[in-house]
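**Q** Counted the way UniProt numbering counts, the sequence shown spans residues 1 to 106.
Don't take every hint at face value.
[As the list claims (entries may be wrong)] Ranges of calculated distance between the beta carbons of each label pair, as one might list FRET restraints:
1) 100 to 68: 53 to 63 angstroms
2) 72 to 100: 35 to 45 angstroms
3) 51 to 95: 19 to 29 angstroms
[Stated by the list, open to error] 27 angstroms max Cα-Cα, derived DSS-like pairs, lysine-lysine:
4) 55 to 76
5) 76 to 103
6) 58 to 40
Read the hints as simulated data drawn from the structure, not as lab findings.
Since we're looking at a predicted model, the values are computed, not measured.
Glycine included, every Cβ here is placed at the ideal spot set by N, Cα and C.
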Amino acid sequence: MKKKIMILSLCTLGLFALVAFIFNSEVTKDPLALSPVVGKRISTPTGTLISCVLKALKDTVDIPLSYLTEELQIVKLDNRDEALIGGWVRTTVSDNYILVSNKKQT
């Protein structure tokens with residue numbers, strides 16, 4: 001009888017430890033869940049504003065790329081001297097082309 005109670009208590013303890021581990025690992029995977037809330041929505045007669053407490057912000061915020069996009073495509077651009085541009089840059093992206101130019105180029 002003592003052996004059954006001991007085995008049952010060990011199984012219960014193991015189950016609690018497993019549930020606690022799974023719950024904690026899911027929370028720590030989400031960087032936004034651990035971040036402090038620094039903004040709130042305020043309703044005004046003209047619409048909704050987002051108010052931010054600047055003192056609560058840190059220097060940097062880590063946001064996973066998967067929060068911003070579903071697909072990532074890396075395009076290698078030309079790095080020859082005649083392809084390089086400087087100063088103010090204008091970028092235009094379409095389905096088939098990427099145009100990077102400045103005001104000096106026509």
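**Q** All hints are to be evaluated individually against the structure, with a verdict given for each.
**A** Hints versus structure:
Range check, residue 100 to residue 68: Cβ separation about 21 angstroms, and the 53 to 63 angstroms hint is violated. For residue 72 and residue 100, the Cβ-Cβ distance of about 19 angstroms falls outside the hinted range of 35 to 45 angstroms, so the restraint is violated. In this structure the hint that residue 51 and residue 95 lie 19 to 29 angstroms apart at CB is violated, the actual value being about 38 angstroms. Restraint check: the Cα-Cα separation between residue 55 and residue 76 comes to about 40 angstroms, which exceeds 27 angstroms; the hinted pair is violated.
A C-alpha spacing of about 23 angstroms is found between residue 76 and residue 103, which places the hinted pair at or below 27 angstroms, so the restraint holds. Straight-line distance between C-alpha atoms of residue 58 and residue 40 comes to about 17 angstroms, which keeps the hinted pair within the 27 angstroms bound.
Checked against the numbered hints listed earlier, the structure breaks hints 1, 2, 3 and 4; every other hint is satisfied.
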